[in-house]
Amino acid sequence: MNFAVLQFPASNCDQDAIHAIQVTGHSARYVWHKEKSLGGVDAVIVPGGFSYGDYLRCGAIARFSPVMQAVQEFAANGGLVLGICNGFQILCEAGLLPGALIRNRSLQFRCEHVLLKTLTTDSAFTNRIPPDKILSIPIAHGEGCYFADEATLERLKANNRILWRYCSAEGEVTESANPNGSLWNIAGLCNERRNVGALMPHPERACEPLLGSADGRLIFESLIGAFQNKAIAKAV
Amino acid sequence: MKAKIIITPKKAVLDPQGKAVQNALEHMGYKGVRAVHVGKYLEVEISGEKESVRQQIDEACHKLLSNPVIEDYHFELE
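Protein chains in written order, with numbering that gives the first Met the number 0: chain F, 0 to 235; chain P, 0 to 77.
Honestly, the hints are just simulated from the structure, not real lab data.
Just so you know, these numbers come straight off a predicted model, no measurement behind them.
Where a beta carbon is used, it is the ideal one built from N, C-alpha and C, also for glycine.
Do not take every clue at face value.
Claimed, not checked - Cβ-to-Cβ under 8 Å is the rule here; a few derived chain F residues that face chain P:
hint	residue
1	Gly52
2	Ala59
3	Leu106
4	Arg109
5	Glu142
6	Cys144
7	Asp148
8	Gly180
To be verified - List time: in silico DSS-like cross-link candidates among lysine-lysine, alpha-carbon distance up to 27 Å:
hint	chain 1	residue 1	chain 2	residue 2
9	F	Lys156	P	Lys30
10	F	Lys35	P	Lys62
11	P	Lys1	P	Lys18
12	P	Lys49	F	Lys33
13	F	Lys35	F	Lys156
To be verified - A few chain P residues facing chain F, derived, Cβ under 10 Å:
hint	residue
14	Ala34
15	Val35
16	Arg53
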């Protein structure tokens, strides 16, 4: 499977994303933000960082990069797109995912491991995650407080589109487990078609036991699983 | 022509910066501060006929300069 990892000025998790994909035994290459084509890849990672210096709003300027037009078309054709941290902010700004990510309620930049509860295995991003497993994955952000209006939240819940919520070690969704003030402890979600997803935590930083957790690998393996299932479905 | 654009967080959106500034004002002894909202101020220098500039700035505010999910905007031309 071939992944594209987008590179904007001041992306800084692009190399980690490439490494994480290679750890799973698949290939990945960088796609510069000025490119107008993704070059026939199977999935796109919009990585973390501070694209365009976070000027104006996080992700606001990156969303108008030429490569994002290609990502819009790729997603509209059912292509798999995963946004991580700044990538989540960019996908929200681009309208590929609903809501917005605003300043952490504490006003602090939070950089630590958090625990995540997976709400559904029915997505391209969660199909390989054991249902009761609590994931330990690090966050590193100042603007990760998820916000959406009430109607959007209800729609997300009704369509089973909330993929991960911040939780305690016991798997309870509590105020103290919420590192940034996100609405309903939301850490990640997907679009209606379930082919575009994103999360604030960094799975690419948790793909090997040496890094303290290999739980993030399950998210990349889910993407690979979704792609392989689609290929099987096509072949049949 | 100059467009003076003010962008503020929507009422329903948490504004922790505004809250922190409000707390600071209270600690300094300012009485009766009911709320503080922290937003952005932009100036765009642009040439053209006033009505067309107004339309362009409005569109730019909607598409890029503000995020309608979390922010409101208004502007003046002078």
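Results of checking the hints against the structure:
Interface hint at Gly52/F: violated, since its Cβ lies 15 Å from the closest Cβ of chain P, which is beyond the 8 Å cut-off. At a threshold of 8 Å, the smallest CB-CB gap from Ala59/F to chain P is about 6 Å, leaving the interface hint in force. Here the hint on Leu106/F is kept, as its CB sits about 5 Å from the closest CB of chain P, short of 8 Å. At a threshold of 8 Å, the smallest CB-CB gap from Arg109/F to chain P is about 13 Å, leaving the interface hint violated.
Interface restraint check: Glu142/F against chain P, minimum CB-CB distance 11 Å, threshold 8 Å, status violated. Taking 8 Å as the C-beta cut-off, the interface hint given for Cys144/F holds, the closest approach to chain P being about 7 Å. For Asp148/F, the interface hint holds, since its Cβ comes within 8 Å of a Cβ in chain P; the closest pair sits about 7 Å apart. Interface restraint check for Gly180/F: the shortest CB-CB distance to chain P comes to about 6 Å, inside 8 Å, so the restraint holds.
Between the alpha carbons of Lys156/F and Lys30/P the distance comes to roughly 43 Å, so the proposed pair goes past 27 Å and is violated. A threshold of 27 Å between alpha carbons decides the hint, and for Lys35/F with Lys62/P the separation of about 21 Å falls inside it, so the pair holds. Restraint check for Lys1/P and Lys18/P: not satisfied, since their Cα atoms lie roughly 31 Å apart, outside the 27 Å limit. Distance restraint check for Lys49/P and Lys33/F: the Cα-Cα separation of roughly 33 Å exceeds the 27 Å cut-off, and the hinted pair is therefore not satisfied.
Under the criterion of a C-alpha separation no larger than 27 Å, the hint pairing Lys35/F with Lys156/F is inconsistent with the structure, at around 35 Å. Among the interface hints, the one on Ala34/P is violated; its C-beta lies about 16 Å from the nearest C-beta in chain F, farther than the 10 Å criterion. For Val35/P, the shortest C-beta to C-beta distance to chain F is roughly 14 Å, which exceeds 10 Å, and the interface hint is violated. For Arg53/P, the shortest C-beta to C-beta distance to chain F is roughly 21 Å, which exceeds 10 Å, and the interface hint is violated.
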